[in-house]
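Assemble the whole structure, with the sequences as input and the hints as a guide.
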Amino acid sequence: MNRYRTSYRVDRALAGLGLTLACAFSAAPPAQAARPADAWIYVANDNVGEMKALLASGWNPNQKNRGQPALMQAVRDGAWDVFDLLAADRRTDVNATNGSDETPLMYLALKGEIRRAEALIARGAQVNRLGWTPLHYAASTGQLETAKLLLSKQAIVNAPGPDGTTPLMMAGRSGSREMAQLLLDAGADPTNRSLAGLDAAAWARSAKQEALAQWLEQVAKNHQPSRASSSPPAGDGAQPAGVAATPPDAAPRAQSEQSAQQAPGKDGPSLGGVSGVRLNSYDDPPKP
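Just so you know, the sequence shown maps onto residues -33 to -1, 1 to 255 in mature numbering (1 follows the signal peptide of the UniProt record, and there is no 0).
You may find that some hints are simply not true.
[Unchecked claim] Below are the EDC-like pairs computed for lysine to aspartate or glutamate, each with C-alpha atoms no more than 20 Å apart in a straight line:
| # | residue 1 | residue 2 |
| --- | --- | --- |
| 1 | Lys31 | Asp13 |
| 2 | Lys120 | Glu177 |
| 3 | Lys19 | Asp51 |
| 4 | Lys19 | Asp5 |
| 5 | Lys175 | Asp152 |
| 6 | Lys115 | Asp68 |
| 7 | Lys19 | Asp44 |
If you are wondering where the hints come from, they were derived from the structure by calculation, not from laboratory data.
Quick look at the structure:
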């Protein structure tokens, strides 16, 4: 008789435990779906799981946050897992621009993310474009390997920015002689000047890179005879569109120093594009 009574008590205890567990599970709130309103929080926190769920639910990967496409916002936030997820999504426009007419590839070039830059180019990211280019951005921070990649993809080495600034001028500003040499070897013209009359040496001098400025002046001086030999005959004073006049050999440094007084400093040039970029710690140029 006791055996049956004990068995009955055990059965009741187990039944009670099951009821308790069932109530506990039924009281637990269901898992919430990823919320579109929280998309930029997911990006900022590099929450790739929630972003993946959001994309699967139909969220547009080309949406912008204060003018920044999601792909570029991920670079700004250092959210590389989310960046890779967005870059792999076939719906993502890899040439989307922000309010400053910058592209994702330009941000990657600025940061020196060579592997991701190469993958984005393979997906159709434009190496050459009107205005600022990825090569300008790579040169502005001395990203040598990224510049090599871009040049291997036929980047235009003398491409003028909106104000006529070339990648070599950006290299002068960055203080990187290695970058300047790479661009010169690829055909950069050290005698080119911006619309403000600044050459690469002037940009280097404005950034207090005097040794680099003097070297660039000498390179420009040595470059001028070959350029003069291909100039138009006397009497035909027309200059090619977009190319400033070559300064006379007699006073290259004087002109460069005068230009340097007009050249914007590292911290505050107001050219838009390259000079206006503020990507966390990406702004500091490398040491020469």
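Does aspartate 5 sit within 20 Å of lysine 19, going by the straight-line distance between their CA atoms? 13 Å, holds
For a C-alpha distance cap of 20 Å, please report whether lysine 175 and aspartate 152 respect it. 24 Å, violated
Hint consistency between lysine 19 and aspartate 44 [alpha-carbon to alpha-carbon, up to 20 Å]: Holds, because 17 Å separates the two Cα atoms, which is no more than 20 Å.
CA of lysine 120 to CA of glutamate 177, is that 20 Å or under? The hint is violated at about 32 Å.
Pair hint lysine 31 and aspartate 13, alpha-carbon separation not exceeding 20 Å: 16 Å, holds
Take a quick look at whether lysine 19 and aspartate 51 sit within 20 Å of each other, Cα to Cα. 11 Å, holds
20 Å limit on alpha-carbon distance, applied to hinted pair lysine 115 and aspartate 68: The hint is violated at about 23 Å.
Violation of the numbered hints given earlier is confined to hints 2, 5, 6; the remaining hints are satisfied by the structure.
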